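Following the hints, complete the assembly by docking chain B onto the known chain A.
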Amino acid sequence: MAEPLEPGRIVTGGAPGETARDAVLARIRAVAVPPPAAIPRDYLTSLSPDVDILERFAERVADYRALVHRATSGNLAATVAEALKGRGARSLVIPAGLPADWLIGLGPGIERQSDDPPLTYGQLDAIDAVITGCAVAIAETGTIVLDAGPGQGRRALSLLPDRHVCVVRAEQVVGEVAEALARLDPHRPLTWISGPSATSDIELDRVEGVHGPRNLDVVIVG
Amino acid sequence: MSGSPAGREPLPTFAGTPPFPEAARTALADEQLRRNLRHATTTIRTKRGRAVAERPDWEALRLAGAAIKDDVIARWPELLTQLEANVTAAGGIVHWARDGAEANAIVAGIVRAAGATEVVKVKSMTTQEIELNEALAREGIEAWETDLAELIVQLGRDLPSHILVPAIHRNRDEIRDIFRAEMGAAGRPAPADLSNEPRELAEAARLHLREKFLRAKVAISGANFAIAETGTVMVVESEGNGRMCLTLPETLVTVMGIEKLLPTWRDLEVFLQLLPRSSTAERMNPYTSMWTGVTPGDGPQAFHLVLLDNGRTDVLLDEVGRQALRCIKCSACLNVCPVYERVGGRAYGSPYPGPIGAILTPQLRGIARHPVDEQTASLPYASSLCGACFEVCPVRIDIPEVLIQLRTQVVRQHGWRARTFGEEPVAMRALSTAFANPGRLDLAERVAGGAGRVVGRRGRIGRLPLPGLLGAWFRRRDLPAPARTSFRRWWRSRSSRGES
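From first to last, the protein sequence lines stand for chains A and B. Going by the working numbering, the letters in the first sequence line up with residues 64 to 285, in that order. Going by the working numbering, the letters in the second sequence line up with residues 16 to 515, in that order.
Don't read these hints as lab results, they were simulated from the structure. Computed from a predicted model, the values in this text were never measured in an experiment. From the three backbone atoms N, C-alpha and C, an ideal C-beta is built for every residue, glycine too. Be aware that a few hints might be false.
Selected chain B positions facing chain A (Cβ under 8 Å, derived; list incomplete) [what the hints assert, rightly or not]:
1. Asp85
2. Met140
3. Thr247
4. Glu254
5. Thr262
6. Arg298
7. Thr303
8. Phe405
The following residues of chain B were derived to be distant from chain A, with all beta-carbon distances above 10 Å [said to hold, decoys possible]:
9. Pro71
10. Pro386
11. Asp413
Bound-form chain A, shown alone (with noise of 0.2 Å):
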């Protein structure tokens, strides 16, 4: 790699010879600063055992205008079924890895697509949806996190597609950031999504979509 790539290497000022980054750490090590006494965790890390945790989670979700619909396993292909034909999907991503009876619902008006051999982007940007599992959910946040893993696929495939259903399944609902990221790998690439992609950039008035997915549907198994 190019001499400036390197690290530590780019030398401006200074002791001849001194690394940037030997300066930096000789410049922190001068100072001597006390740590705290402590460090005090006494806030909560998970909900109190009366909030139903499922009920608090799609309501949480509903909040951010995502749309919400509660499935057994039974009936959950129907579900996705009727979640991607009421976004008016005609062609959908599949990530490897998702369970195939998921699928089973779907007309014959929907094209599906598999990621393998992996689609390029402009592909993906002209599917219309993505179907994805997820890692874990947290209630008390409305927040879905996809790690990646089988039946996620890689994380362009949940972006550029304009619609995302994601299912999530009863036992994968915490209730509280903490105990989420108790379960994830930080060494995974994580997307943490809680609601549509959103701003507030003009007059603060709270538009559903600009660049990631404008329309999401959690479909809550269990």
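Quick look at chain B alone, frame taken from chain A:
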């Protein structure tokens, strides 16, 4: 002309902003600006109140957040090198930059090595601070801002006025006019019949930027947090422009202030509560992306992390002022500040406006080490010390305390010249002279008590045509009239009656 992505006039910078009182006077004369700001700050303030009230443990979260950030700077070298090791182990390349010029040169080198002449950018305070876009333009590299508000600011050849909503000084008609006039020169033009409806304006931005996302080879972002323990870097956002930049290009460069560290993965359970509720006043922002180095087959295959000092180690020098390093750039303090609400962000002369800007900018510019210029020295006076900023700060930065500390520094450095940007230091010195000598205090109180008897009919002292220091003080404020009898006189009369 260089300096502009569309090859026309140069982009404006904050350089040359006059000292705060003068900049504020100009801003105050702008009725439209004041109306837009009042609407914006009132709306976000109310929403934030609701989002915070929902957490019975808010104070516990704030205490944890402040302590975690204090722990970061107490163990700064250890945590920075831990982050470096973990990012490197996960396939990223870590660079260090002492200042903005060094960081800009590193980024330009990476962009050139990737064979790119343009980059897409995620909204980033840090890259604004180092004027990266201007530096890239000088190298012939076009930098496209992709956050809707940043796009409005960039296309309008304008300066941001708020950390969270940088185009808050613009109304929908102005935005429509900017899009119609400027989008064509930068890429896909706006539809000819574009209306002023926010939904249509957002759609125009979507179409305009989509072609840039799909063809960009390099993206540049900042970072909200980076986890030393795992090497994970993250960006919070709303629109999805961040996800586009962080996912589609081959090469990703993240420029991060060295204070953006968190020690452990678990610490996010605090900061993912504090930040969205304080910033956009939501339970959670629409999108948060987290990545650790490079993932084969998913997202950028080259990841560069630039660790930027640029004055942060100077902030460390001041024992009181260093709490500013806790800042997570949520902008809650802007929305509650009576001064910010009236003058807006651009009067502060830096990308960091409002109360946090008033304490951060002077420190980043080295006030702890050497005298600063007059504009910088005027910033600690851009406050009425009402304390609302501390009340809302999610990491409990005592901004009034730091303001007073910095005022002391300014007076020490500038002495009597301080009256050009604020009369308080002068008046405060007069006050300290009076307090140092009981005879003088007695005289001063009697003079003030007399003044109260003359003009204090409604219990207030308004604008007095007084000469000298007292007049300078009253030019900017009115005060409750002082008591007719001074404390010292009253005490003496009590004592002489034998009541002590």
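Taking C-beta pairs only, is B/Pro71 more than 10 Å away from all of chain A? Given a closest Cβ separation of 7 Å, the condition is violated.
Does B/Asp85 pass the interface hint, meaning its C-beta sits closer than 8 Å to a C-beta of chain A? Cβ of B/Asp85 sits 4 Å from chain A, so the hint holds.
Can B/Met140 be said to touch chain A, with a Cβ gap under 8 Å? violated, 16 Å
When the nearest CB of chain A is found for B/Phe405, is that gap smaller than 8 Å? Violated, because the Cβ-Cβ distance from B/Phe405 to chain A comes to roughly 18 Å (cut-off 8 Å).
Tell me if the interface restraint on B/Thr247 is satisfied: Cβ within less than 8 Å of some Cβ in chain A. holds, 5 Å
Check on B/Asp413 being off the interface with chain A, judged by Cβ distance over 10 Å: Fine: 15 Å to the nearest Cβ keeps B/Asp413 off the interface.
May I ask you to check that B/Pro386 keeps its beta-carbon over 10 Å from the closest beta-carbon of chain A? holds, 20 Å
Going by Cβ atoms only, is B/Thr262 closer than 8 Å to chain A? Holds. Min distance 5 Å.
Evaluation of the interface hint that places B/Glu254 against chain A, nearest CB under 8 Å: With Cβ-Cβ at 4 Å, under 8 Å, it holds.
Status of the hint placing B/Arg298 at chain A (closest C-beta pair under 8 Å): holds, 4 Å
With 8 Å as the cut and Cβ atoms as the points, is B/Thr303 at the interface with chain A? Holds, about 4 Å.
Comparing the model with each earlier hint shows violations of hints 2, 8 and 9; every other hint is respected.
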